[in-house]
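Asker: Spelled out, the chains give:
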Amino acid sequence: MAGDEDDPAKIQILKDALYDAARENGSEARAFSQKDLLDFDIIPADNPMLLLRVVQRLCDDKLFVGITQATGLAWRWRNKEDAKKYTSLPNDETMMVYAVIDEAGADGIWNRTIKNKLNMHEAVVKTCIKYLETKGYISSMKNVEHPNKKMYIKANLRPSERATGGPWFTDGELDTAFISELTMIVFEYIKTQSAYRGSQAGGAGAAAAAGSGAGATKVPKKGVIRGGIDGGDSTSSSRGVKRTATDMSTDDIVQQQSKHPTAATKEKPKVFYPMPAGYKHYPTVTEIAKLIHETGITNNTTLGEADIQQLVDVLHYDGLIEPIRVNGRKGYRVTRAAKQDASSFQKRQQERQQAGGVGLPVGSDDLVGPPPTANGLTEAPCGRCPVFELCEEGGPVSPSNCVYFLQWLGLASSEENTNTLAGGATPNGVAGVAAVPGLVV
Amino acid sequence: MLVTKNVAELCSLLIDELYGELPSRIFSILLTRGRSSIPQLVQYTDMSLCELRHGLAVLLQQNLLFYQVDSNSEKAMYEANTDHAYNLLRIGKILEMVDSSFGAPAKDVMQSLLLLGQTRISDLVAAYQEKIDQAHQKLVKEEADPFLETNGVNGDSHAPKRLDLVIKTTAQLNSVICRLVEAELIDVVHAKTFLTPDDIYRDVEKEVLDTHFPGGPKGGKAKIELEEKIAEGLRKVRGESKSLKRKLEQNGTAAKRRKLFSGGGLSNGVHDVELDPALDPKQVIRINYEKCLVDLRNRRLVQCVTDTIGDTTAYVYGVLLKLLTKQLPRCRSDPMMDITEDDKDDCGKGFVTTDEILDSLKTSVDLSVGLGKAAKDKFSSRAAEKVSGHPPKKKIILEAEIDGDASADEEEEDEGSESDESDSDSDHKPANGTKVKFAGVATKENRLDRPGQLRQHLLLLAESNQHFVRHCGYNDWTVDFVPLMDVLREAELDSVIERKSGRQGLRLVRILRAKGKLDEKTLPNLALMKKNEIQQKMLEMQTAGFIQVQEVPRDNKADVKKSFFLWFVDLEKSINTLLDTSYKAMLRCVQVLEVIRQKEKDVLLLTKRSDVRGRERDVMRKEYYDRYARFQANEKKLFAQVMRIDDLVALLRDF
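Chains as they are written, first to last, in this note's numbering: chain H, 1 to 441; chain W, 1 to 655.
Just so you know, these hints were derived from the structure itself, not from any lab.
These numbers were taken from a predicted model, which means no experiment stands behind them.
Glycine included, each C-beta is placed from N, C-alpha and C at the ideal position.
Hints should not be assumed to be uniformly reliable.
Only some residues are given here: those of chain H computed to face chain W with a beta carbon under 7 Å [to be verified]: (1) Asp-16; (2) Pro-276; (3) Glu-322; (4) Ala-338; (5) Leu-377; (6) Thr-378; (7) Val-397; (8) Ser-400; (9) Tyr-404; (10) Phe-405.
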């Protein structure tokens, strides 16, 4: 028996068999317990000692990784290439550092965490990392949550979503242009789908055109931003025919146009009307996600429903849309439908391009939706006054020296030329003469 | 009303504007010093007794003072009535409202009342009689009210010219007053009108204690009883001012008169007018601002619906509100007086039926306009017609998700089959086209009859996220004013935030409002904004008072570096800040006007001369006239702005 066990050839065979069995029975992430390994029926007579030796050999070869679970010790297999990398490392320290980085997986690991985990000297860790980096085994990465921390990741892994920040980040930076473009599209979609585009005059012909348009809302539409910076190129579109984003808002009209060429040429002033109560087809997040997916606007980023939900939530917080539940179906509709800009998306897009290009004004908020409501306070100079808190009669800023009010009242410039009118309106003109000096001072 | 420094200054300035410097000075002294007697006032103001009495008389006449006579010493103590002083601002709005809903004669009467302050009916009649006589004698020379001309508050300097056309006989005057009394826009001045609410409360409490609980209330039950008795007493005092209305209502012709009135105020012939009973000439009447506010609130709501939904729906809403609030005496019920069921008696049955609305709609209004159209199967009539018999519980309106989730889940199951079926229906609709298409003819066929259209508008209002209307029975509609006004207040705050901090600022505030207290780290993800941008915005908004920050130490050491900083929104506080900001802005407008006046003093002095007045354009030199015209334009603009801000104040404070 003893000789049998010590036979290196036999162990080698068992080792290979066990490794292959583990590979067949699960991914690299699966942890095999002792029982699992014995159940492969590779180890003769379920000999735990033999298993121990075999597993030990596997661990030495870095083909197995021992981990501790709640239920006890367990092992994961590691593929041969990775194992080779381990074995090629010059010393234990480097190996340990590599192991820690490997363990961190796609999230990456901060170099200080490595140091603390291994309780090594900083210089040692540094040299190890340097070695690994030059070998091309690991690479440094950036984490959006901690942009200042130096993080490392295995070279053949892509940083996880948590580290990159999900689809909204490009190179560790929040891609505001991308977001604003996409938000605009989502808003446009919700707007056109949740309100009824009718003509103001209510002429029969126009009503018919718009009526059919509103009816055809179920068809998911294609839209690609013209000249948009993200995914604007239509090559990703499988249909081959480039359709501009205008189709999204005016698809109905365009379809109509093919049937009645005259319908679209004479455009009447359009306005949005709210849908009657109980409308069941307010767009849902799922529908919006489908639209975004099908149009291929985001050609190399995949957006899940949760991501779209994020966009929709932002629109909701902006007060542009509101959730509405009909029969337990949660859709979204545009707020203040009657105040929405009913001109076509294309037209506005063109205006924007003339004004300075798509995606340029990241900070400007008034891209989508109607202008914000105003009230008496915001209209008056005081409502927007930057020094309102300081304004006090007798203080450095006061009603008597307020420049904003003068501007607002249009008195700013042509004020001081009154001293030329020394005379009064009437022959004696006492009032005029007396007051003018006071006015100039 | 909470009197801040800004309010106090604003009120004094308003009084100065309307009634001159003397009352204004007394008023501001009263505001700063509190309740004072005449000797004290003499000391504070350095005025002669005679001047002081003059000033006090003016203030009293205009209802700007409270006074209380001490029963022992027989000395009167005076106190400023800031509410009424502030209401002076609303004169213009009230007049316009009366004009549009009661007609020009009513407006004229209201205007006279506003000018004269509280007035005995006989005096008012005499004043009008004189004017009528003058008109009859073809005397064009009217005594124009001097202050009406010089300041632009009422903006109606043509009133004297039209006057002789507006009210033709004293009988007509009588009828107009009757109508206004019935509408509660005018009520009666009685002995207790001039007591502060606190004094009234004390008096009533004392009386109740003396008569019912000579030994003081003992035990919880007695205390509750005492409270009820006091509330009852207070209601009685309040009801006294409605005595005239009650008298009118006892009169059998009330219903008929009202009918005539709703048929169009202007078409009143003289013979109709005769039906009204003559009013007791000794009664002293004044304008009831509380009721005026109810009407102003209605206008505000209609305006809001115009903005969010559309004109036609807003019109329907206006009619609904008018019917609903006919009997509503005030916007906010008094927590002390209107505890329980009495409230109901006060404001009628509390809902309006579809038929009532239909009957009151103008026939010229096309109800088919203003709503979207789509195929019938795209609607769930069950969801639309959802009846909610109870007012919503507190604090669910804006975050409708909580509410929606709860109620919708129940529905999901029982409605599931229905919606499924129609969904599949609509899926192959585009294929056969005709079903969806509303050709001109089809639209007409599908067009609902008028009640149906009306119903659509009402349902839309009920479905709105603001809950403009509650569908409380199959044909019954009501409005829950309290939560609705909360929503509007919030919306108003939002619009200020949006204007001041941009849409992104608004986004952050609304996130905080929805989620509660949040750490800075969680915000970027929710708002999809850059971290540094958020930090900047948050600080900016904190200084503006829109958001607050709370520091939560991680351990006992309270290390600042380790502490959490949680942002949150204190709605109440933000609104109060906004309110005071509004007062201040109004104050600044009035002050700027004063500054401009000082600047254009020479011109204005000129226009005061009797030989210039009234023919400024002909007499004055062109440069001077231009300056005068520009001044007038600016004055108008500033006052208009004050009114606009008052809209905001009214919403935040009074509605």
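Asker: Take the shortest C-beta to C-beta distance between Thr-378/H and chain W; is it under 7 Å?
Answerer: holds, 4 Å
Asker: Against chain W, with CB atoms and a cut of 7 Å, does the hint on Phe-405/H hold up?
Answerer: holds, 5 Å
Asker: Taking the least C-beta to C-beta distance, is Tyr-404/H closer than 7 Å to chain W?
Answerer: violated, 10 Å
Asker: Please verify that hint: Val-397/H, Cβ, nearest Cβ of chain W, below 7 Å or not.
Answerer: At about 10 Å, which exceeds the 7 Å cut-off, the nearest Cβ of chain W leaves the hint on Val-397/H violated.
Asker: Identify whether the interface hint at Ala-338/H stands, where standing means a beta carbon of chain W within less than 7 Å of its own.
Answerer: Since chain W brings a Cβ to about 4 Å from Ala-338/H, closer than 7 Å, the hint holds.
Asker: Interface hint check: Ser-400/H, Cβ to nearest Cβ on chain W, cutoff 7 Å. Holds or violated?
Answerer: holds, 5 Å
Asker: Given a cut of 7 Å on the nearest C-beta pair, is the interface hint for Leu-377/H held or broken against chain W?
Answerer: holds, 5 Å
Asker: Does Asp-16/H meet its interface restraint, that is, does its C-beta lie within less than 7 Å of any C-beta in chain W?
Answerer: Because about 48 Å separates Asp-16/H from the closest Cβ in chain W, which is outside the 7 Å limit, the hint is violated.
Asker: Hint validation: Glu-322/H versus chain W, beta carbon distance must be below 7 Å. Holds or violated?
Answerer: With a closest approach of 5 Å, the Glu-322/H hint holds.
Asker: Quick one, is the Pro-276/H hint okay against chain W at 7 Å, beta carbons?
Answerer: With a minimum Cβ separation of about 5 Å from chain W (threshold 7 Å), the hint on Pro-276/H holds.
Checked against the numbered hints above, the structure violates hints 1, 7 and 9; every other hint is satisfied.
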